[in-house]
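J.: As numbered in this note's numbering, the sequence shown has no gaps in its residue numbers, which increase by one up to the final residue, 343.
Any given hint might turn out to be false.
Using 30 Å as the maximum straight-line C-alpha spacing, the simulated DSS-like pairs for lysine-lysine come out as follows [said to hold, decoys possible]: (1) 76 <-> 147; (2) 326 <-> 265; (3) 326 <-> 105.
It should be emphasised that the hints constitute simulated quantities derived from the structure, not laboratory data.
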Amino acid sequence: MALDFSTLPLAFQFTSPGPILVKLGPLSIRWYGLLIATAVLIGVILSQELAKRRNVNPELLGDLFFWLLIGAIPGARLYYVFFEWSKYAPTPGKIFAIWEGGIAIHGAILGGVLAALIFAKIKQVSFWQLADLVAPSLILGQAIGRWGNFFNSEAFGDPTNLPWKLYIPPDHRPLEYASFDYFHPTFLYESLWDLAVFALLITLFFRSLSGKPRLKVGTLFLVYWPAYSLGRLWIEGFRTDSLMLGPLRMAQVVSSLGILFGLVGLAWLYLLKRPLPDVVPTPKGDGERG
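Construct the complete structure from the given sequences, taking the supplied hints into account.
T.: Here is the structure:
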C-alpha cells in the first residue's frame, strides 16, 4: 500500500521567501551573498583557532583566506559557465552576475587549491598543513552556503511527495516538470551531510591533539575528499539541473575522482608510510602532528 504524505501539516513543506533579504532603494542584499559572507567569516575564525592549537601563526590563515577567495570565486563561476555556455553565450554580460546564482563548489575547490599552492610556495609553508587547517572550515562553509540554493529556488531534485518536500515556483521549474509543485530539497540533504562530515573532521582534529589517533600531516584534507564526495555522489542523482558533459553528471565524475584521490593519499601516508609531496621539503621525522 502506497503511503500518502499529502495530508501532513504544511509546516513540513519548504518554501523559499525569495532571494532578496532586504532592498534599500537600488541596493539589494541577497540571501546568497549574506550566506557566503557568513561562511567566509566563520571559516576564517575557525581556521585561526585550529591554527593556534597546532602552533601555527593564525595570521597566516587570515592571509590565506584572501588568496582562497581570489581563487575560489572565479573558479566556481568559470566552472559553472563552462558547462552552461549555451545559457550565457547570447548574453555574455550575465557571466559576471554571480549574485543571481550559478556557481559550482568543485570549481571553487579547484580554484582555491591552486591559490593555496601558490600561497604556500611564496610563504614557504606546507600546503598540506594549511589544507588540514582549512578543511573543517571548508565543509562547514559548504553546509552554510547550500542554503543559498534554497533562497534562489535552485539545485533541487526530482518531484516528490515526501513530508519535507520543497515548493518550487513555476518559473524555476524545468519544462519537463512544469506540472509538478514539490521537489526533493537536495540543498538540505547536502547541508546535513556536510555538517556530519564537519563533525567527523573536527572530532579527528581534536582527538589528534591528544594523540588518539595521531594524524599525519594532510590526513584531514584527504579524509575530506571521500567523506564529502560519497554524499555528493548519491545526492547528485536526485538533481534536475546537474552540470553535464554528454551523458555524465560532472559532479558525480569529480566526486568519484575525489574519493579515489583521498583513498590513494591515505594509503600513501599510512600504508606506504611516506610523506605527501609538498611545495616545501618535508623534514625527516615530520609527517605527524599532535
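J.: For every hint, state whether the structure bears it out.
T.: Verification of the hints:
In summary, the hint linking residue 76 to residue 147 is supported, as the alpha carbons are separated by about 21 Å, within the 30 Å threshold. Straight-line distance between C-alpha atoms of residue 326 and residue 265 comes to about 18 Å, which keeps the hinted pair within the 30 Å bound. Proximity of residue 326 to residue 105 is assessed by CA-CA distance (about 27 Å); at most 30 Å being required, the pair is judged to hold.
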